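Undergrad: This is what each chain is made of:
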Amino acid sequence: MAAGLAQVATPPGQETAAASARQPSHQGVSVALVANDDLRRRLRLIDRLREAKALALTLPALLFLIVALIAPLVFFMSRAADNTDLTDHMPRTSQAMAGWDGDGVPPEDIQRILADELSGIAGTPALAVLARRLNYQEAGYRSLIQKTANGLRAGGVGTAAERLTAIDARWAEPPIWQTLRQESGRWTSFFMLAAIDLKKDTAGAITSAPAERAIYQRVFARTFIASLSVTLICLMLGYATAYTLLRLRTGLGRIALLVILISLWTSLLVRTLAWIIILQKNGVLNSALMGAGILDEPVQFIRTWFAVILAMVHLLLPLMILPILAVMRGIPPSYMRAAQSLGAAPLRAFWSVYLPLTYPGIGAGVVFVATTSLGFFITPELLGGPEHQMISYFVAFFTNMSVNWGLASALGVWLFVITIAMFAGVARGFGIARIKP
Amino acid sequence: MPGLKILPLAAAALIACSTLATAEDLRIASWGGVVTDANRAAYWNPYEKATGTKIIDDTFNGEIAKARAQVQAQSYQWDIAEMEDAEAVAGCEEGLYEKLDLSRVPVADLLPDSHDECSVVSLTSGTGLAYNKAKMENGPQSWADFFDVQKFPGKRGLRKSATITLEIALLGAGVPKADVYKTLATKEGQDLAFATLDKLKGNIVWWSSGTELVQGFMSGEFDMAVAYNGRVAGANKTQGQKLEFVWSAGYLIGNNRWVILKGTPKAKAAMDFIAWATTPEPQAEFMRHIDYASANKKAFPLLEAEYLAYMPNTAERVPYGLTADLAVWRDNLDTLTERFNAWASQ
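Protein chains in written order, with our numbering: chain A, 3 to 439; chain B, 57 to 402.
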């Protein structure tokens with residue numbers, strides 16, 4: 003495939019080269035300059051070809067990535083702003099609402115469109131989806147919509163406004179109409195705002211969610227802080243461990259490395275459950291401390307930040323050690339000796355020579371650990387209480403249990419944005435770009 | 057009781073001859089643990105023996121999302137699922153389940169509220185107050201006691217969900233059983249429920265599965281809890297626990313319901329199974345294996361008295377029971393869950 007590309011691409015390249023070579027002969031002055039330009043163009047072409055060949059080789063991987071990762075990701079992210087649960091099920095109402103000025107209660111013709119559409123889908127799955135979606139806006143709209151659709155289908159006399167109001171007085175008040183108008187578009191900001199405890203009031207201004215229901219800003223902050231703490235602890239422990247591993251005798255070093263790898267290969271769930279056994283009220287740790295006479299009664303380890311952070315550090319430590327170790331292996335010992343023989347104290351030599359050389363390893367480790375810990379779900383779920391749950395717990399909750407996929411996607415999008423921001427920050431700070439492919 | 061054992065088989069054989077020509081697999085999602093064990097002993101194995109239909113079971117936690125994904129993709133991992141009340145009703149409205157052929161279900165023999173157009177009750181449970189008699193001789197006897205940390209110090213196990221927890225909080229605040237849902241539908245009632253929960257702040261251990269609940273009692277993490285009657289019975293019978301279930305404090309009656317996933321190619325075989333499984337004999341057998349009740353009234357006379365010890369719907373207990381008002385929950389579940397999550401995660 004790559005060879006084919008090259009064959010097709012070469013002749014036109016030669017043609018342009020020939021054409022540009024012919025022209026300068028009329029203007030002797032710029033010959034040298036243009037010939038230089040021509041050479042540069044050919045060089046660029048060769049570079050391009052080489053790039054295309056390399057890219058062609060990665061094509062299968064790229065295709066796989068697009069089909070298996072990027073496309074589903076984009077699809078799920080789009081759910082965060084998707085409003086088709088509303089617009090697909092009452093298209094004419096949505097259209098009519100978009101043209102209404104939002105003052106008071108809409109005119110009779112719009113009310114009739116809504117009444118017609120609701121009675122048209124009474125008793126169908128479409129109505130259930132619509133009612134569920136509207137209930138997110140305001141508790142009680144679910145039964146309002148169901149009741150209205152069934153009531154309209156049963157019949158009634160008078161104008162649409164009279165019929166609606168006869169079923170429920172809320173149809174004579176502006177709020178439900180303003181909600182319908184606000185949510186009449188193909189896309190909605192509702193979920194993205196709800197995911198950070200914000201909402202639009204009926205006038206369209208963004209306000210805070212009621213205090214007793216505000217939760218996600220706190221959970222995002224918690225997720226971020228936990229991830230940062232775990233990363234810092236892993237960095238300190240991991241750096242020291244990697245440094246020590248290099249200095250162990252070969253045999254002992256190999257065994258130590260094997261221990262780290264085995265812990266990496268063991269299932270995350272198994273390792274988390276092991277911590278429960280150790281930390282629970284009548285668990286190994288409490289029994290040992292009480293047996294040794296240090297404690298009189300068991301201490302609450304499980305369902306504390308201590309347990310959650312401890313287990314996360316244990317789970318993620320290998321991801322920090324391995325990249326740092328790989329980078330340290332490539333640093334010749336002579337550098338440190340050189341620094342010291344030039345008069346640097348050991349600490350100074352470490353600080354100005356060794357540490358900067360390990361930055362790429364630190365950067366890689368920090369990114370691995372930080373991004374993985376941002377998405378941690380099962381460990382806080384098993385070792386913590388509700389006050390230790392991170393954002394991915396709520397993503398799973400809204401995906402599986404309460405089936406609010408819009409909010410689940412919105413939380414995911416925000417988490418994704420934070421992760422990318424962190425990654426960019428670390429890449430800049432530690433020069434991960436210096437790791438040559 | 058040899059006659060009793062033969063009866064269901066005979067009935068099953070009859071049904072099998074009349075409706076099933078070929079043997080085929082049927083896939084049923086249930087709740088794992090003791091529930092799946094009882095299902096297997098009372099329904100799946102006898103049905104397989106009688107009809108040749110092999111039943112392949114799967115475990116889930118009532119997630120309606122999993123049923124929806126299968127129906128939307130038209131790719132079925134299950135034919136029948138055992139949904140809880142709320143999911144059974146919501147899924148029926150959304151068209152996720154087949155309409156049942158109720159002419160094949162002994163509707164007249166079923167307890168009240170045990171069937172609708174999409175579902176038939178597979179088991180009824182009671183969720184109420186339990187304490188560990190081995191640790192506290194005189195445990196809490198009412199929900200007011202349960203919410204009184206001065207009188208009864210120590211941790212309490214509560215189910216990590218807005219449903220059940222908020223009803224119980226209102227009972228603890230002294231709201232009469234009959235007014236619980238009326239109160240919960242109002243803003244003041246919701247504030248009252250959360251204010252009552254505030255009294256327990258710092259004394260709550262949350263559990264989400266029945267296994268965790270039993271584990272909490274056994275490891276001594278808590279000595280009183282909001283508990284499923286079947287798990288309490290199971291812990292006493294097989295784990296040597298001395299847990300006391302206080303029926304008179306008031307308890308919530310909840311159901312699991314069989315539904316058939318919309319569009320499954322085995323809808324007919326699934327209906328055959330439900331028609332067989334709602335007959336009295338397998339329903340009585342089910343209650344011999346677990347302390348949850350079946351829906352068919354005619355199953356109870358077949359049952360030996362010893363199996364009624366923990367049943368949630370005996371005549372003397374039912375007056376203390378509270379049946380979930382799904383209408384209130386349908387409107388308020390989203391906001392109350394959000395508020396509950398916010399409250400619990402502080």
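In case anyone wonders, no lab produced these hints; they're calculated from the structure.
Please note that a few of the clues may not be correct.
[Unchecked claim] Not the full set, but computed from the structure, chain A residues with beta-carbon under 7 Å of chain B:
hint : residue
1    : Pro127
2    : Ala130
3    : Gly142
4    : Arg215
5    : Ile217
6    : Gln219
7    : Leu248
8    : Thr252
9    : Arg256
10   : Gln282
11   : Ser336
12   : Tyr337
13   : Glu389
No experiment lies behind these values; they were computed from the predicted model shown.
Positions of the beta carbon are idealized from the N, C-alpha and C atoms, including for glycine.
Undergrad: Check each numbered hint from earlier against the structure, then list the numbers of those it violates in ascending order.
TA: Violated hints (numbers, rising): 6, 7, 8, 9, 11 and 12; every other hint is consistent with the structure.
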